[in-house]
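Given chain H's structure and the hints, the job is docking chain D onto it.
Number of protein chains: 2
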Amino acid sequence: MAKYMSMDHLKFVIHELLQVEDLCSLERFQDFDKDSFNMLVDSFKSYADNNMHPTVKEMDHQAARYEDGKIIVHPVVGEYMKACGENGWIGMSFDHEHGGMQVPATIKACTSFIGQAANNHLPPYAGLTEGSAHLITTFGSEELIEYYVPNMLAGKWGGTMCLTEPQAGSSLSDITTSAIPNEDGSFKISGQKIFITAGDHEYVENVVHLVLARIEGAPAGTKGISLFVVPKKRLENGTLVSNDVITAGDFQKMGQRGSCTTHLSFGEKENCLGWLVGTPHKGLKYMFQMMNGARIDVGITGASIATAAYYASLQYATERPQGRRILSGGQKNVEQEQTTIINHPDVRRMLLLQKAITEGAMALIFQAAMYYDLSAAGNEEDKEKNHNLLELLTPIVKTYPAEMGRVSISNGLQILGGYGFCTEFPLEQYYRDVRIAAIYEGTTGIQSLDLLGRKVVMKNGEAMKQLTKEIITTIKDAENYDDLKPYAEKLKSASKELQATLMHLLGFAMKGEHERYIADANLFMEMMSTVVIAWQWLRMATVAKTALITNSGNFSTDFYESKVHTMKFYFKYELPKISGLKESLMNNETLTILEASPVEFA
Amino acid sequence: MAKYMSMDHLKFVIHELLQVEDLCSLERFQDFDKDSFNMLVDSFKSYADNNMHPTVKEMDHQAARYEDGKIIVHPVVGEYMKACGENGWIGMSFDHEHGGMQVPATIKACTSFIGQAANNHLPPYAGLTEGSAHLITTFGSEELIEYYVPNMLAGKWGGTMCLTEPQAGSSLSDITTSAIPNEDGSFKISGQKIFITAGDHEYVENVVHLVLARIEGAPAGTKGISLFVVPKKRLENGTLVSNDVITAGDFQKMGQRGSCTTHLSFGEKENCLGWLVGTPHKGLKYMFQMMNGARIDVGITGASIATAAYYASLQYATERPQGRRILSGGQKNVEQEQTTIINHPDVRRMLLLQKAITEGAMALIFQAAMYYDLSAAGNEEDKEKNHNLLELLTPIVKTYPAEMGRVSISNGLQILGGYGFCTEFPLEQYYRDVRIAAIYEGTTGIQSLDLLGRKVVMKNGEAMKQLTKEIITTIKDAENYDDLKPYAEKLKSASKELQATLMHLLGFAMKGEHERYIADANLFMEMMSTVVIAWQWLRMATVAKTALITNSGNFSTDFYESKVHTMKFYFKYELPKISGLKESLMNNETLTILEASPVEFA
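Just so you know, the sequences run in chain order H and D.
Going by this note's numbering, the residue at position 490 of the first sequence is 512; the numbering climbs one at a time, nothing skipped.
Going by this note's numbering, the residue at position 524 of the second sequence is 546; the numbering climbs one at a time, nothing skipped.
Pulled out of the complex, with its shape left as it was, chain H reads as follows (with noise of 0.2 Å):
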C-alpha cells in the first residue's frame, strides 16, 4: 500500500509537541492514559489502509449520482458506517451518558486526519452524522436524544446538517425554510435546502436532517432562525414512514464525488414534520456553537489530502530517473546515469514546500483541538483563555490547509510533470479534490471576515493578546538554543509586523469606516496564518532540537533535524510573504469599495 500520511510526525505532534495525554489528569479523561491513545489512533489507521485507502480512486470514479428520486453511493459506504457504528468511532467523544467514550477532542482529530488523508470522499458519512448527533445531545430535549442518538451512533441512522438554500447561500440571514406549529408540539417544515452532505443514501435506514427553518413570524435576519430535527422517515404507529423530504438531485463535484451532495426538498405535500431543537429563534446559535468543529474538520481535509498528495509525490520523486544534476562548470555530463529526481533542488524545493505546508497545518490543527479540550473539560482557570485562543484561530485552522493545501497539492503534481496531469496517477484526483475545502463551512471569504471583523477585536482583542504571549513564550523557549536565536528573531518580527498591520487597518473601523476596514480581510487572513504557521514551526523545532540534544524523543535523529530544516525552510521561503502583503495592507488607495472605484469590468 502506498504512504499516505506519516504516523511518526502525528506522533511527535501530539506527543512531543503538545502532550497530549496531559489530558489525562483531567476528569473527563481519566479512563485513558498515552497507551490507550495510541491504541485508538492505530486501530483506526489500520481499519483506514485497508478499509478506505484502497477505494479512494474507485470513490472518484463511481461517483455518487442521482437515479429514479434516489442516490447511488459506493457499496463501501455501507460497509464503513457499519465499522463506525461498531467500533464505536462516531461517538468516539461524546459523553458516556449519551453512548460515546469521552474521547479528547485532539485525539477524534487524529483519527479523522488519518480517514480522511486514506480517503476523503467516505468520512463525511459518519462526520456528519456525529455532528448532528452532536447538536441533538447538547441542545436537544431527553426525548429527542434518547429516540435518535443511539441509533446515529450505532451508524445506523445518517445524520445532515441543513444550511443553504439556493436563493440565499452564505447568507443565512435570508433563508425561508419555514416551520408552522402543530398542536401536538412538532412543525410543519416546508423549504428546499441545497449542498447537503450525505444528503441521503441506500446505506443507512434512516437519515436526520437537522434544518435551519423559520418559525411563522419569526423576526427577520439571523435572530429569527429555529433548529428543527427532521427526519427522513417519521415513526408511525411503531413504523418508519415517509416524512415527506424528497430527494430532488445531487449535484456532481469536481472533486470528492464519492460524497453525496444533495438537494432536499421539504414539505412539497405539506406532510413533513420536525421537532424543535431548544427553543425557538436560537438555531444559528446552536448551529455555530457546532461550527467550530466543524471548521475544525474542514481544516482536516485540507491538510489531509494534502498530506496523501505529498507523499505520492515523494514516492514518484524518489522512484523516478531523469536527467542530470548540474556540475560546478554549469554543464551536464550525458555519459552519467540519469539521477532521481529528488535529487533536483527545484524538486527537493517542491518536495519541502509541501512538508511545510502539510506539517505545521497538521500542528496547527491539533493545536486547535488541544485548546478545544482544555476548554470544554480543563481546569475552570484555564478554560476562557482556551476558549478564546480557539475561537481566534478557528478560521485560520480551516483556512490555512485549505488555501496552502491546494498550493502544496499544485506542487506535488508538478512534481510528477505529464503523469501529475493523468487521471492513471493519484495526484490530479486530490488537487479536485482539496478545491472544496475553501468554499464548504464558510468561504474562504467568510473566515476571513471572521477573523478581521469578530475575532481579532473580540472581548477588547483578549484573544489576539493571549495568542502573541503564546508566540512570545515560543521565541523564548527557542532563544535557548544558540542556532535557533534568527529564526526566533525573525517571528519577533513578523509578530510585529502583524500588529502594526493590525493596528493600521483597526484605525478604519475606529473611524466608522467598517467596510474599508474588513475591504482586504483575506490578505490579512493570508498574512497572520503565515506568522501562525511560523509559530508552529519554531515551536516543532524546539522540540526536535532539545529531542537531539538531551537525546530524548521517540524519533530518529534524521527524523529530529528533518524538522528543523524544515522549520528553516518555512522561514526562507514562507514567511518573507508577509513583507509583501503588510505592504498591501498599509495602501490607503480604496480599490474595492464600490462607491470609490467605479471600474468597468467587462
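One should not assume that every hint holds.
One copy or two, it doesn't matter: identical chains are merged, so the pair holds either way.
[Stated by the list, open to error] The list that follows gives simulated cross-link-like pairs (lysine-lysine, DSS-like), each with its CA atoms no further than 25 Å apart:
#  : residue 1 : residue 2
1  : Lys25     : Lys255
2  : Lys405    : Lys481
3  : Lys354    : Lys481
4  : Lys599    : Lys514
5  : Lys67     : Lys33
6  : Lys518    : Lys407
7  : Lys79     : Lys481
8  : Lys178    : Lys307
9  : Lys354    : Lys245
10 : Lys533    : Lys245
11 : Lys304    : Lys354
12 : Lys498    : Lys407
13 : Lys33     : Lys533
14 : Lys354    : Lys533
15 : Lys210    : Lys291
16 : Lys307    : Lys354
17 : Lys599    : Lys512
18 : Lys210    : Lys33
19 : Lys507    : Lys487
20 : Lys512    : Lys79
Derived by calculation from the structure, the hints in this document are not laboratory data.
Bear in mind the structure is a predicted one, so any value in this text is a computation, not a measurement.
Chain D only, in chain H's frame:
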C-alpha cells in the same frame, strides 16, 4: 452566448498599445492594413462564437478515448479541421510560396487567443498541424515540402511533434527512438513516444509525425538527435498504406480532455519509415527554433482559459444577489434587499485580480508576438534587438499565464461559492483545463532554468539590458502624467530590486556554484514575471491616460479609466509580492541542494 473574452481589450492592445498596423510598412506584410487585420480577427471570432464555444463543455464530457486501437474524438474536430483548412487559418502566417497568407504572428496570436478562449480543446488539432508543417517548410527539402505541406495546410492531414519518451520525460538527452538508414535515403524508425497531442483521430486522412530520434551511432546527449518526418500512412504505388505507426493508447487527463494525448509506437513490425529533415544531429536545434512559437501558444492557453473563466465569474457576480453591504456602524440591515455580490469588496477584489492577471498576460503575449514579427520581418537594424527581447521574454510569456492563470481561475471559481465546484457551472472545467499549461512545452521548472540559466545571461546580459531600456521608456512616458508618477516610481524601484537580486545570484555563478545559482530559478521567474507584468500595466495605463486627456482612442471613458484603475490594483495587490521573493532569493541559506541539506522527507 456567454461572453468569454473582451474583443475591446484585444483591439486596445493590438491597435492602441502596440500599433500592430505599423507592421504593414514591412515588405512581408504589405498586403495588409488595419482593416484587413480586423476583418481576419473578427471573422475568426464569429466562427469561434458559432462553432467552437458551443462544444466546450461537451468536449470535456465526451473526452477523447482509445477504443480498439483507435482514438475517438468529438466530431466537431472534423468540422474544425475542415474550416481551418478551407479558410486558410492553418497556414495563415506561412509564406505565400508555401500556400500561406503571410499574416503577422501578432494577428495569428489574436486568432489563437480567441480560439482557445472559446474552446481550448479544439485548437491543438490545428495548432500541432501548423507547427509540424512549419518545421517542414523551414528545414525540410523541397520534396518533403511539396508532398506534405499542402495537405496539412488544407486540414486534410494532421501533424504532431513527437519529443517525449517514457524513460526520458523532460530530459531529451535521453531519448532512444532509433533511425537506421535504408539505401534509398529513408530511415527505419523504431521507438515509443508519449503525450503526443493530436496524435491520431479519424477526421484526418493521414497524420504527419515530426519525430526526434537517434541515427545509429550518433553521439550521446542532445547533440545526437535528428528530426524525421514519419507519416502514419506512406505512399506506395500511388496509394496510402500503413507505415507501422501504432496508436497504443490515449492518456486520460484531468482537463483539456477533448484534446487527445496519445501513446504512439513506431516500428513494432520493423516496417516504419521516416525521412530526415535537414541534416543529421541538428534535430533538437530545429525543434527549438519552433519551440518559441509553441511556448507563446501555451502562454495563450493559460491566458485565454483564464479570460474565459473571468467572464464567467463576472457574469455570476453581476447576476447573483446575496448578502448586504456593511453599513458605517459595522452592521447590516436585514430589511434591505440583498445586493448583487459584485458590490462586495472581496468579490470586487477577486474580479480585479482576474482582470489584472488576464489582461496583463494578454498584453505581454501580443508584445512578444510583435517582437517575433519585428525580429523575423523587421528592418535589419531592429532584428537583433527584437530577437533578444523575444528570447528573454519567451519563458515568462509561457509561464506567467500558466501559473497566474491558475490563480486567476481559482479566484473566479471562489466567486461562485459552492456552484464553482459543481459541473453545471463552467468554472471547475476551466480550473482543470488550465492546469496543463504549467506542464507542457517545458514545465515551469524548465522555463525558469531557461530564464535564469540562459536568457538573462546570454550575450553578456544584452537582452536584459534591452528589456531594462524598454521599462525605462515606459517609466518616462508615464511620468508625463502627474497621477501616474507614483506608479512610475514604483516600477523603477521594482526594476532596481530585480537587478540587485540578479546580481546577487550571479555571484554564485561566478564562483562556479552553478547548481546553487539556479536552485531558486522558480522564485526568480515569479519575481521577474511580476515586474514584467507591472511594466505592461504601466504602459497600458499611460496609453489609456493619453486617450482620456487627448480625447483620442476608440473606446469609452469608462473603458480607459478601468485600465488605469486595474493598473493601480496590480501595483497595490500584486507588485508588492516581489519584496518577499527578493528576501527569499537574497537569503544565503542553502536548503534545497542535496549535499547541503540532507533531509528525511518521510
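Status of each hint after checking the structure:
For the homomeric pair Lys25 and Lys255, neither the shortest alpha-carbon distance inside one copy (41 Å) nor that between copies (46 Å) is at most 25 Å. In this homomeric assembly, Lys405 and Lys481 come within 25 Å of each other (Cα to Cα) only inside a single copy, at 15 Å, whereas the closest approach across copies is 67 Å. Taking the closest pair of Cα atoms, Lys354 and Lys481 come within 25 Å of each other only across two copies (21 Å); inside a single copy the shortest separation is 61 Å, beyond that limit. When the C-alpha separation of Lys599 and Lys514 is checked against a cutoff of 25 Å, the pair qualifies both within a copy, at 15 Å, and between copies, at 21 Å.
Taking identical chains as interchangeable, the C-alpha atoms of Lys67 and Lys33 lie at most 25 Å apart only when both belong to the same chain, with a minimum of 12 Å there against 59 Å between chains. Only within a single protomer do Lys518 and Lys407 lie at most 25 Å apart by alpha-carbon distance; the minimum there is 22 Å, versus 47 Å between protomers. In this assembly of identical chains, Lys79 and Lys481 lie within 25 Å of each other by CA distance neither inside one copy nor across copies; the values are 47 Å within and 51 Å between. In this assembly of identical chains, Lys178 and Lys307 lie within 25 Å of each other by CA distance neither inside one copy nor across copies; the values are 28 Å within and 67 Å between.
With identical chains, the CA atoms of Lys354 and Lys245 are at most 25 Å apart between copies only, with a shortest distance of 13 Å across copies and 69 Å within one. With identical chains, the CA atoms of Lys533 and Lys245 are never at most 25 Å apart, being 28 Å at best within one copy and 69 Å at best between copies. When the C-alpha separation of Lys304 and Lys354 is checked against a cutoff of 25 Å, the pair qualifies only between copies, where the shortest distance is 19 Å, while the shortest distance within a copy is 69 Å. In this assembly of identical chains, the alpha carbons of Lys498 and Lys407 lie at most 25 Å apart only when taken from the same copy (20 Å versus 56 Å across copies).
Taking identical chains as interchangeable, the C-alpha atoms of Lys33 and Lys533 are never at most 25 Å apart, the minima being 48 Å within one chain and 44 Å between chains. With identical chains, the CA atoms of Lys354 and Lys533 are at most 25 Å apart between copies only, with a shortest distance of 17 Å across copies and 62 Å within one. Proximity of Lys210 to Lys291 under the C-alpha cut-off of 25 Å is restricted to the intra-copy arrangement: shortest distance 11 Å within a copy versus 74 Å between copies. In this assembly of identical chains, the alpha carbons of Lys307 and Lys354 lie at most 25 Å apart only when taken from different copies (18 Å versus 64 Å within one copy).
Proximity of Lys599 and Lys512 under a CA criterion of 25 Å is satisfied in both settings, with 13 Å inside one chain copy and 18 Å between copies. In this assembly of identical chains, the alpha carbons of Lys210 and Lys33 never lie at most 25 Å apart, being 49 Å within a copy and 59 Å across copies at closest. Proximity of Lys507 and Lys487 under a CA criterion of 25 Å is satisfied intra-copy only: 23 Å inside one chain copy versus 41 Å between copies. In this assembly of identical chains, the alpha carbons of Lys512 and Lys79 never lie at most 25 Å apart, being 42 Å within a copy and 49 Å across copies at closest.
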